[in-house]
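Make the complex out of the two chains shown on their own, each in a separate frame, by following the hints.
Quick note, the sequences are listed as chains A and B, same order. Just so we're aligned, residue 865 is where the first sequence starts under my numbering, counting upward by one. Just so we're aligned, residue 3 is where the second sequence starts under my numbering, counting upward by one.
Don't read these hints as lab results, they were simulated from the structure. There are no misleading hints in this set.
Rough simulated footprint, nothing fancy, chain B against chain A, three-plus residues with beta-carbon under 8 Å:
no.: 1; region: 968-977
no.: 2; region: 1149-1159
Label pairs and their computed distance ranges (CB to CB):
no.: 3; chain 1: A; residue 1: Met957; chain 2: B; residue 2: Thr36; range: 24 to 32 Å
no.: 4; chain 1: A; residue 1: Glu1124; chain 2: B; residue 2: Val32; range: 56 to 64 Å
no.: 5; chain 1: B; residue 1: Glu428; chain 2: A; residue 2: Pro1174; range: 29 to 37 Å
no.: 6; chain 1: A; residue 1: Gly1065; chain 2: B; residue 2: Lys770; range: 41 to 49 Å
no.: 7; chain 1: B; residue 1: Thr703; chain 2: A; residue 2: Pro933; range: 22 to 30 Å
no.: 8; chain 1: B; residue 1: Arg687; chain 2: A; residue 2: Pro886; range: 19 to 27 Å
no.: 9; chain 1: B; residue 1: Tyr159; chain 2: A; residue 2: Pro886; range: 39 to 47 Å
no.: 10; chain 1: B; residue 1: Glu123; chain 2: A; residue 2: Gly909; range: 33 to 41 Å
no.: 11; chain 1: A; residue 1: Gly1029; chain 2: B; residue 2: Glu123; range: 37 to 45 Å
no.: 12; chain 1: A; residue 1: Ala1048; chain 2: B; residue 2: Thr703; range: 30 to 38 Å
no.: 13; chain 1: B; residue 1: Glu781; chain 2: A; residue 2: Asp1064; range: 51 to 59 Å
no.: 14; chain 1: A; residue 1: Gln953; chain 2: B; residue 2: Thr104; range: 38 to 46 Å
Simulated coverage check for chain A against chain B, where a stretch passes if three residues somewhere in it have a Cβ under 8 Å from a Cβ of chain B:
no.: 15; region: 980-994
no.: 16; region: 1069-1079
For glycine and all other residues, C-beta sits at the position ideal for the given N, C-alpha and C.
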Amino acid sequence: MSLLQEHGPDAMVVAGGTDLFPNMKRRQFEPRVLVGLRGVRELGGIRGSAREGMTLGALATLTQVSLHPEILTHYPALARAADLVSTPQLRNMGTIGGNVCLDTRCNYYNQSYAWRKAIGFCMKKDGDICLVAPGSPRCVAVSSSDTAPVLWSLGARVRLVGPDGERVIPLPALYRDDGIQYLAKAPEEIVAEIALPPVDGLRATYWKLRRRGSFDFPVLGVAVALRREGEVCREARIVLGAVASQPREAVEAERLLAGERLTPELIDRVAEVAARPSKPLDNTDLVYYYRKRMTRVYVARALRELAGLPVGDWPTAMAGRNHANDEEAR
Amino acid sequence: MGPVETPPRRAEELAVIGKRLPKVDAWGKVIGETKYADDLILPRMAHARLLRARHPHARIKAIDTSRARALPGVLAVITGADFPPVKFGILPVSQDEEALSTEKVRYVGDAVAAVAAVDEETAERATELIEVEYEPLPPIMSIEEALAEGTVRIQEYGDGPNIHKLVSLEFGDVEEGFREADLIREDLFYFEGSNHLPMEQHAAVARWDPDGKLTLWSSTQTPHYVHRTLAKVLELPMSHVRVIATPVGGGFGGKSDPFSHELVVARLAQLTGRPVKCTLTREEVFYAHRGRHPVLMWVKTGVTRDGTIQAMHFRSILDGGAYGSYGVASTFYTGALQTVTYKVPRYKFEGCRVFTNKPPCGPKRGHGTPQPRYAIEVHLDKIAEALGLDPAEMRRRQVVEPFSKTANHLTITTCGLEECIDRVVEASGWREKHRRLPPGRGVGFAASSYITGAGLAIYWNEMPHTGVIVKIDRGGGVAAFCGSIDIGQGSDSVLASVVAEVLGILPEDIRVVTADTDLTPVDLGSYSSRVTLMMGNAAKEAAEKLRGLLLDAAAKKLEVSPAGLVARGRRVYLRDDPERGMSFAEAAQLAEAAYGTLAAAGSYRPPRRGGKFKGAGVGPTPAYSYTACVAEVAVDPETGEVRPLEIWIAHDGGRALNPLLVEGQVEGSVYMGLGEALMEEQIFRKGLHKIPSMLEYKSPTTLETPEIRTILVETNDPEGPFGAKEAGQVPLLPLIPAIANAVYDAVGVRVDEIPITPEKVLKGLDQKGKGQEPRVGPERFPRVSFPEPIRVESAFGQPADLSLKRE
Ligand SMILES: Cc1cc2nc3c(=O)[nH]c(=O)nc-3n(C[C@H](O)[C@H](O)[C@H](O)COP(=O)(O)OP(=O)(O)OC[C@H]3O[C@@H](n4cnc5c(N)ncnc54)[C@H](O)[C@@H]3O)c2cc1C
Ligand code: SF4
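The shape of chain B in the complex, shown without the other chains (with noise of 0.2 Å):
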């Protein structure tokens, strides 16, 4: 049974969903008695410190351990050649990372050998003694010098000597659109990279078991991606290996690829036979990073005069650092959802990610779509202005129709971007602030949307991306098994509700036994704002199973028909004579002893509705949500500083299925948007990290963030479990040309560069004093041999078919 089979019931209908409650897990974290990897204490076990690469770019030509073996407290010292040949990586078309390199090292920070010490001080010693020899090769640090250089080559694929990856395609005509404009602009951004900043490291322990079999706890977003990666390089069966993830300490992408330590605890733990722990430090962090691609991007957009958007061709280059990762994916979001926000009817799209020495990129929060989101929304506000309109006002005209297709093929649901707009617009009095705040105080505004789920998983399967186990024990106790992982977003209190809901129990019943690979059912990973929605319709199945099966026994001791009772309250009885019925518990036994154990299953997979061409994989999701945002900032004409004085967001995530949590995933990404815009810099000096600590990384604190006013705007998504779309990644994108476009309406500069910086901010004003042009921002796009785009027709505007469901 599917979701659109079963609309959502009427809120007034439900008890637990849409409720304000706290988190199943809340109280454990507050009294600080919640486990996480690096809490784990094993009897004799051993600590592992990593020996890293001290050059950006280098040949490894020998490496000698003996001194590290004789210090007295090491247990084992491995390198690459400790393990079998075998590369790996997230995505099946990047598999270019090793678990200790071999023949070169790629950035400060590879990993290169690693120690298992009685304790980890004794482990760091020993890696110091750890001699390797290197071949230094020329550093390659930034787009410009990787799309220069022919010769040096980072890695040994891609679609160039250092381009990883190109790809262009094109949706209608864009020539034809730009004909038909009255005005074409063409605009220049760069968005520096950021790092995740989780506050937990990552860590992991691995212990093998008498029995030959490893298990590995690990601080992680994909355990099951952990799962297939460690049976693949150590050569494994899966059945032999055991992924738990610990409750992860914040995430934000920064934990979903499978990393060097998680195999190198488990080599360890082999050759050692004690358990291993490993725990990175803060700089290790920004070294195993998959943070924010830096991108630079061109976008040309055709207009009519009243703003209507007639066609757009846009350009991003990545900088992908030095493997892989999800880089393919990074790469093709910075294009594939340009569409999905306004009325886009014609689109051209070209990318390209290359290869520097620095720390790979991958994913964070909003997944390659931050960055081209600052840069159309600048660039809108640009156009605005040129033809004298509100920004607010020309956006909401556009906002793309619900249940439509796009230009490339993606299918729309429900859409409450009017409605956003109109809220943030009503709320922060829009109208009578823009343009008309005194010199210094400005407002901007800006707007998003996102994908609830991936359509496709990372490897190419027909099976289901999640599943969820719900047993119903004698006693009324009920468990919920899941491969989820609560990475604070509160998957484990989504799973708990909605099976709460569905059983007319309350979630303080329910144990959920999430991220085992051994106890729950595969699902892929807390990434791509999947988990609710995919997790939620496998648990409303499975639940609606068992619920079937309670009613009907119930049914029968009452002598009713099921379709009469209800289940609520932690009782199941007659709707229309609520006295009579009987306790959870007792339907419980009843319809054990009629049907046997109570265990039911649900599963998910998403609806195949994306476009049938090369490419077409990425952008596709069973629903899109949105936001929109108001930002009001003080500009100090002396210092240039910037502080953001009020924020008011208003978030269209479908059904809020508990609105404290969807708030603070709305806060959350308001706070780190703000960290983007304004601060937040992985960069680069002499081939190395430049400050690679939280003191001198710098993120805002508490005294940074201003009041935030959240403002939820329902819609009832027919694809989500109780109408139910995603909180935790699109009210970032928003709020960083949000803050841009309030800087320009505050003091006239223009800064088409992420982070928006004090200095920045003075440059663009010196400019204006002088009469030049008020803007700071890249120059130039360099040239870039994209290949001729995959044209395909426009979908734009064909309504969508919801029947194309999952089989």
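One chain only, chain A, in its complex shape (with noise of 0.2 Å):
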């Protein structure tokens, strides 16, 4: 903590370092200090149930979050977006702690210098202009984290721990629209433990958006969570990843669901609105407008396979491969 307070922006935490390296190597980031968070132990371990909430560690892998049983059990969709992240040996690395607080990426950004150099360098590093919006005041780069769609949807709170003391905060409070200054806490803060609400009922789905099986970032993903009374919603939300410089929630749609019984005609309308906030721009992999549109058709999929309905018999390369990771993971 000293030593963090003590550098100031010159200092960055490191955890399993998946993001924080590469980085480093593009010369993205420049820190002078590096404070390893692996030696707190207090920081590990995944602890709760699902009837009283759980605690999960930041230092927790992604790996030991994909295969833990209570949580495959009882918040499936959370086991099942830190399955997508990357490639095994990344999950292995990479932590909970380090997905929530990943930088935010840009295809003019997540280049090495050289390259930014010859492109002009933009304001997200080393240049004062947005290559993918150039009238845009801020920097637009892309919340890429899969496991914090989820985790807003299931209600998460975050525990931060900084020199002054602790917070807890609800996990949509540590972030920001801007894709420079993305998380709305101060640098000195660590994210300490991310704690899930008991279940109580509330069913979720992630549908992540990559052109293949492994490695690829979202480019959009899908987070539904829905608390049912025999037919009816009582409490839905719908949060989207990968479509702004933080998640997304789409209210004006999860309001459509309240009270209301899921029915193909009704998830058609609640997935057209639900893509309305999505505004991808050309910074990704996929053309913006065809990540704009499959946000309604992974919404719609993502209601169905809550609703118990037929998701679409294609065994195509995004379902199949869903479940064919899930699979793997068990």
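Below, the structure is given as structure tokens:
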């Protein structure tokens, strides 16, 4: 803590390093001091149960999260999101804390120093304009965490520890829609743990759009969590990942679900409304209008999955891979 | 003694050939012991980094290296001025490259200066301290821009301001053929460029010995051409340059040119008096490139009612990038092989290669032919549909005749394509599936052919294309020396297997010494699928000479005739009385006593069988290989995603010297073809490569690779060692159009543009929904002033003349 305080913005914490070290190599991050968290025992471990709620230490690896029996059974959407991150090797090193703090991404920014110099530096590092949206006053790099939308949909809270003590905030309050200052916390505050509320009938799922069944960051993530009484939706959360600089909740669409039965017609309407806040730009893989269009398809499929409706019998890349990976994890 | 005079022995007589044996170098790779170029560490070795251009097109006004030189740890900084003013390039007609650019930079990534330092980081920092003053010039980033631009030129030579090469050839009267046709169809296609994506990045280490001689270790597919280039550019006698190709961790054509970093480490080693290494980053591999040319294509074919081709007219425009590389050959290859798959009695080809401010394109697996193969196989699929014919059957009926000539004077020897077609049709259940699967599921068919080694060397000469020396020592150990380089395709294993078969020993008894210009006879390199056939023939010749000596010596001792002896199972014995004989080592000792040191050389030069017209040099080969493929896919109508479900692929590569290696080549080709068909794109934005990383340049993983059913159809080609042809390239070709045709079968959308990305499929589905023609692809073919064609009489249907052999 004192190191972080002493060096201020010159210092960064490192957990698994799977995001930080590649970024340092490309000189997107140039910390003078690195504070390793791995020695801090208190930050590890997964505790609790579905009935009382669970606590994930920030250093819990994505592999641990994806294989934890209680999470697999009662928070399967989170297990799935963790399991869909990158590759087995990276999941063995990458932590849940690092995943929620993951840097925003942009294909003008995730490039070598020489490449960025050649095209002209942008405001996220070394420059002062945005190359994706030249008129934009702010950076629009993309929030690319797989677990953040799911944690958000599950109502997770985050315990932050800083030099002045600690505080617990709802996970959405950790984020800001700004590609540079995407975390609403002080640089010297660390994420100590993430708390999941009791399941209490909440059922959730996560759908991830990416080109390949491994390696790739999400270019769209859809987390949906529903609490139903009988056939009727009591509570609904739809959170979109990779469509803005922070996860984005489709509040209007959620309202359409409240007190309603999940019919195919309603699902289509909800999906259409949910896609509205999705405003992808041309800075990731796959063309942006395609990603926008897929928002509707993926929200509909996520809702159909939860409603027990067929999600289409297309053994396609995405659907096939999501399930294949689940099986692999078990 | 040539291959025709010694027809391959019957399969059952062979002890090594045809067996599923592991590669001779497999163990070292599996346990991580293989030393690649980047693994080399020499005492006092320095590290080099290149400064690369940050403008796509600019004049260099001044370079100031003083700050870089002043950085502690820097040993030398060089620019183009530190080299003689000599240009180079792989083809004699395109000598347009410099070790380091002196006047102009022509793409983002062009090398401008270089630093040697005590470590890589210091060298990298130093490159950033080099100040280059540029005068930016307008960048030319597409085929259309290159054709339209009349004043700004990328190169100062070629067939037009930014046209590198124009070709126009007509074999027979195509107009006459179109008049005889019942159906004439024209189609436009585009094929995006792609990188080879070898796992190993290029790397080179140079060292100057105290006697003033240079040694270069490099990850290269063509040590001989690198040898020539080093001597030329550094103005050294070839005898003072030694090139050793290190085991290549994947090449696919991307390591077939001499490269800037190879020349740079040589010069830096000379200046610093230390060994110098340079390993490219992954980003730099995308700049070194020489990958698949983006090609825009137009094809017109006239057929009779039963689908029989009467005439074909094919046009291509290749986006060559900034330098020549193999581009002239690539241009010819987009046209030359159209005639060796199906019967095309009259054929016209017009080709054009333009320069653009992008990394140079060159040969990638299939060199210049996957693009036209894709176009033609989809085009024929459309024709079959228009005529209400089964696309596989329509093609099967017009497979080329074995031992015949094509319209453009290419000689076909064996052809197993009919059987390949039958086998994939059968195995895949094609007849039950095509046009009969439920919506969203489809099957597609395509076939292809490829050369087994180019008929001509890259530079004109009368010498052999390859040579092998075999030496036997007194303990019975055998060493085989050849300039060939194993790039993972298994050429070391082929060399050992051929020699082992002839001498009656096992591959593991043989030490192969390859790819060292001081120690091994020249082999032109691992490109154009030439090594198995050419090196194999040379190895066979050398080994047979020695076997002759061994049998003679053994016969004398046993007091029998040598004709009654065989060498097999590490022994030499009487065929009719196997108990009577001796060990291989004993026979070797007797032979050495009788004839002196046991060493023999073999060499090979392909037959000269091409036409006599200008441009006839590209296309001829000792033998053509064939493949047929059926792909089954699922297409998600809501997301446009295409998921390959199963691939059936039948391959005629002549006799499979080692079926395991052939299957490996087929499967690797399928995987690589899938990447090109569905995702890979070397694309640019604001003058820069958009995604020069392995994460963002999308290439499939094992999870995207479906079940591959490989079927080997063995012909016994008189040209190849033990009847072998090739396996490394042809299986890639049919995969791409088979996928495109399967997508059409699944959802009725024609994607006439590679790659077939989800958004293109969705666009086609939208058009279909609106009642428009469901087709996504290029809309127009730009005007190109092709010259009057060279008119040559069609040689279609003439019998092959195999007497035209190596002299
Ligand atoms: C090829 C590749 C593919 C990837 N694919 C995906 C993907 O598909 N989906 C995905 O979500 N991610 C992906 N990642 C990113 C990364 O691997 C994961 O997000 C991982 O969970 C990051 O965790 P880490 O522990 O390695 O973080 P680190 O790299 O250690 O840290 C990441 C960031 O978080 C900060 N940080 C870490 N821990 C804390 C903490 N406790 N408190 C405060 N700040 C902290 C660090 O300072 C740093 O800024 C990929 C990375 C690579 C290299
Ligand atoms: S969104 Fe704009 S400012 Fe942000 S990283 Fe990309 S180019 Fe830079």
